[in-house]
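Number of protein chains: 2
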Amino acid sequence: MLLIGERINTARDEIRDAVVARDAGTVEAEAVAQRDAGAHYLDVNCGSVTMEEEPESLAWLVRTAQGASGLPLCIDSPSPAALAAGLAAHDGKAIVNSISGEEARYAAVLPLVKEHGSSVVALGMDDRGIPGGGFPAFDVGAALVERLLADGLAVGDIYFDPLVRSLGTDPEAIIATLELMARLGEGYPGLHFVTGLSNVSYGLPERRHINRAFAVLGVASGLDAVILDPLDGVLTALLFASEALAGRDRFSLRYIQAYKDGRLAV
Amino acid sequence: MLLIGERINTARDEIRDAVVARDAGTVEAEAVAQRDAGAHYLDVNCGSVTMEEEPESLAWLVRTAQGASGLPLCIDSPSPAALAAGLAAHDGKAIVNSISGEEARYAAVLPLVKEHGSSVVALGMDDRGIPGGGFPAFDVGAALVERLLADGLAVGDIYFDPLVRSLGTDPEAIIATLELMARLGEGYPGLHFVTGLSNVSYGLPERRHINRAFAVLGVASGLDAVILDPLDGVLTALLFASEALAGRDRFSLRYIQAYKDGRLAV
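Residue numbers (the numbering used here), protein chains in the order written: chain S, 802 to 1067; chain H, 802 to 1067.
Quick list of the computed label-pair ranges, beta carbon to beta carbon:
(1) H:F936 - S:R984: 30 to 36 Å
(2) H:A977 - S:R984: 20 to 26 Å
(3) S:A812 - H:G918: 52 to 58 Å
(4) S:V821 - H:G1004: 48 to 54 Å
(5) S:A955 - H:G957: 50 to 56 Å
(6) S:D940 - H:E987: 23 to 29 Å
(7) S:H841 - H:G957: 45 to 51 Å
(8) S:A812 - H:G957: 44 to 50 Å
(9) H:G1048 - S:D1062: 34 to 40 Å
(10) S:F936 - H:G918: 51 to 57 Å
(11) S:G826 - H:R1049: 44 to 50 Å
(12) H:G957 - S:E987: 32 to 38 Å
(13) H:D814 - S:D1062: 30 to 36 Å
(14) H:G930 - S:G871: 52 to 58 Å
Derived from the structure by calculation, the hints contain no laboratory data. Quick reminder that beta carbons are idealized off the backbone N, C-alpha and C, glycines included.
Using the sequences and the accompanying hints, generate a full structural model.
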């Protein structure tokens, strides 16, 4: 289970202020706290600063977060220019977040992924939008994975994001999302699945319970990377437990290691 | 989701002492605390007092727990004599815990269930023991359900317990248990599924995480009654969330009601 820390995102006011002021200390503290809580990657996103500033800001975030934590990053922007700047500032193998089946985005992001030998988050959508009744999500997802493979990516470098909808908007979509991951996982052994957790609970109260339960169900359907707040120890402990229950942690060794590392004492 | 409180059980030292001393206050406090935490039924079990005393002790527990809480009870004993005494002391419709496909137990417990118009926990085992490779769990479970139906029970009065094994002993059995519930649920619409949560984590550290994750997975496979500690608010909140995610809580109404009742503030 790859834990990708979500906290360095300018959607949070304190991060936005830190990016605007180039306050490295705040970003460094978030980076170290997430690493110490067990994050394997840190997502960095400054999408809410102005578009002109985003490449330079993202490069600064990359240097700051990676410099403090020593972790590889998940470089998060819809903007190819920002991704390019972030990747240039990054040391080692990053995850590019994200590519999709949208033609313009695919054409602009693929060369960056290949140039830097990165992994990539692949959003299960294309120019028609997010799959619905008219064009099945499986077909959209399979076409995108096939295209990435044909363009030379290794299956293990692809993190497919099934774009879960909110439970409040479309309760049936939850089960469909789980089935989509299970089916794509059967079709493409080695394909990774990633999701954020917050969309699923949008509009509902006390969202963390929905997010946590969805994470458990996701793991049982093949989810093996989660963009989350690694400081939610109840959630990360559930993820370790879910992997063991789903048969993906032989002899529960990682669960027991997490216990020894003090990560289950919540 | 039926929440069955597990705390009045002489496997806990304080309950054992209370039963031996006929200390009603301790039992009453546990009964009220569980009711106030949202339990719908209370399991009462005094299996660890001596066998001669069990019928009288169980009847006392039934009167005490039900008198204090006003809740119906899940009367828990392998002993038909104790079940008979407990049922005689109970007001309203109880759940008898439990019957199984073992011939002697079936023959002794069925008349009690019918006489009192109770619901019943049906353990998925027979005289060969708990199903394993030699005799499939589905066949054992289906045979038991068929027999109970043929003997006049309504399907909605049967709570099938798939007897989950511990993750540490048999990791593959977890997925098999989930599949068993899903398959029996398809075969017998209206059949309930119940389980305790503690077996699954036996031998592992910080067991609550395993128990909670298993509960979430169980709900997605049809589990609709859980014998649990209702004072574990993280667990009960996860159960509400799981039912909504599994499509068993239309418009998330019960989740939202749980929020309004203050049950999600953990």
